[in-house]
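Number of protein chains: 2
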Amino acid sequence: MSQTKGMQSLVFENKVYVVSAASIVGKLEGEGPLGKYFDKVEEDPMLGQDSWEEAESRMQLSAARMALDKAGLQPEDIRMIFTGDLLAQSIASSFGIVELERPVYGLFGACSTMGEALSLGAMAVNAGYGEHVMAVTSSHFGSAEKEFRFPLAYGNQRPPSATWTVTGSGACVLGLEKSGARIAAVTSGRIVDYGLKDSQNMGACMAPAACDTICRHLMDFERQPSEYDRIITGDLGKVGKVILLELLRQQGYDIEKQHLDCGMLIYDENNQDTGAGGSGCACSATVFAAHILPKLEQGEWRRVLFVPTGALMSKVSFYEGQTVPGIAQAVLLESTAKEA
Amino acid sequence: MSQTKGMQSLVFENKVYVVSAASIVGKLEGEGPLGKYFDKVEEDPMLGQDSWEEAESRMQLSAARMALDKAGLQPEDIRMIFTGDLLAQSIASSFGIVELERPVYGLFGACSTMGEALSLGAMAVNAGYGEHVMAVTSSHFGSAEKEFRFPLAYGNQRPPSATWTVTGSGACVLGLEKSGARIAAVTSGRIVDYGLKDSQNMGACMAPAACDTICRHLMDFERQPSEYDRIITGDLGKVGKVILLELLRQQGYDIEKQHLDCGMLIYDENNQDTGAGGSGCACSATVFAAHILPKLEQGEWRRVLFVPTGALMSKVSFYEGQTVPGIAQAVLLESTAKEA
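Protein sequences appear in the order of chains A and B. Sequential numbering of the first sequence, starting at 3, is according to the working numbering. Sequential numbering of the second sequence, starting at 3, is according to the working numbering.
Worth double-checking, as some hints may not be accurate.
Identical chains blur together in the list; that is why a pair holds if it fits in one copy or across any two.
Said to hold, decoys possible - Once the Cα atoms are required to be at most 30 Å apart in a straight line, the calculated DSSO-like pairs of lysine-lysine come out as:
#1 Lys-7 <-> Lys-72
#2 Lys-259 <-> Lys-148
#3 Lys-317 <-> Lys-148
#4 Lys-17 <-> Lys-7
FYI, nobody ran anything at the bench for these hints, they're computed from the structure.
Construct all of the structure, not just a fragment, from the sequences and the given hints.
This is the structure we're talking about:
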């Protein structure tokens, strides 16, 4: 069992690489601090389709095709695709990547889905189950508001703790050939339920899960936060961030110097009126492709713990008065830049 | 790359075993032909809970605990759980297995989810990612009607091609120690869309995907149907079965002698008024635990291709006039009975 490490982690030695990654986002994300780093900015939120759901599907296909192009691969080179989104029955994924005609494993981890997809994809590549696999996720402000909240035309007011669903899609090709960044390990996340019920404060709901997975990772590897260049959560936002830092301090870990949150990176808090920050499966996926991976490839960051976070809820569970449990899937990335 | 076989299959040699499996079903399923083989029959569709969704969650937890008991394991012995259901954002799974406090990878493959969970679980065990993992899925007639169709009190009429969602949950423990049945291989399924739009005839929507995966499996292994004791689809029902057999004949394969369908096994077609047969994530999962696995363990069947099928749709995709694509995930099971 040499692949396992500690209680919840797996180690892949030097075998799994992020061969390429691509991102497509909407207009608002394109106007944000990372705007110029995304591969494509779509001005039309409908992408010329008849519905937001179809638009989201198109974005998945577009991101996947761009990632394939960057890797110099054809769809038939991909052994399997791990994919998911936020919509009921994951329809953005099903209708998005059907055109690639590749084997598919559908996932649901709410906004943590890119962490889940990278984890399962890396597990597959490391085991020799395919020379190349893909991880693809998406979300769309319009489809998510319709799925979880209010009709857009209603113009509901949002509390400052609410997050803003990122319109976009991120896709990664994982494989065996050496690239600028490898997936060195994963730490599988547990569902953590602190009993919170406020779907307009998902950062608070997810922070305990992020704490659980980050703590477990550090314990499994017997490392301190200072041994990481960055520890980057998915979409806790500014409310969830404060809670995470406090929860981790209670466990004896101070990650304030290392911590970033994709949800806080993607929008300009002061000028974009996006509440506590970005969220959605596309948030961590597009920030990973546009910002995190390049820093690793350039060697600016050597070791990054990437921890997409998800709030496990639906309209029905909310209406039935259920809590909002969280989950966080951690992926350990290491730069190979300047290596032999 | 010795684990891969052909275009879409993976081979696990003799390393992955089904250590235990358990099933829980509702009253109707308990009155069906397989009634006495299920581990538990719940007379109360609410299981004493306040909603169908909570009842479904309870069934997942119950099935998982029974499978653990049969294997003589505690939750902490399970390295990771692969789980899914039919509900929006997979809430039956999230709220069902949170109590086990184990790492979770949430899946969505519609009614094919047990095929997906067994596939990913077997991939994990074979690679040494855990000594034991679990695969757990569920569905519930009440929660599925609410999610996809009409309020139960409305008493809508169903066409004969419609299937009946199975109330229940199935759970399997996979591991390295030898048991009566092993998972010898998997064939990953592609999404197949023939352009059908009738959500009341999901068998027809899924049959092309079942054909695609079964054909691919037979080609990858260069085998004929006669080399299998049974080829068992998930929930095509009697309409989908006819289509599958015809589609396979067009590809040069006749599986009529080997073919069974879990949806047609679970209810008594003549006396239970369940339309074309059973469906739902619990259909193939409970039939697997109660019927298929025991036949393998007893050596009555030596080689079975188990092919859960899923119809990838949601209320929203249906209302927006989208098609209903299908997917099928194949798991090759072999008996170890009477071996050395």
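Among all the numbered hints in the text so far, which are the ones the structure does not match? Of the numbered hints, just 2 does not hold.
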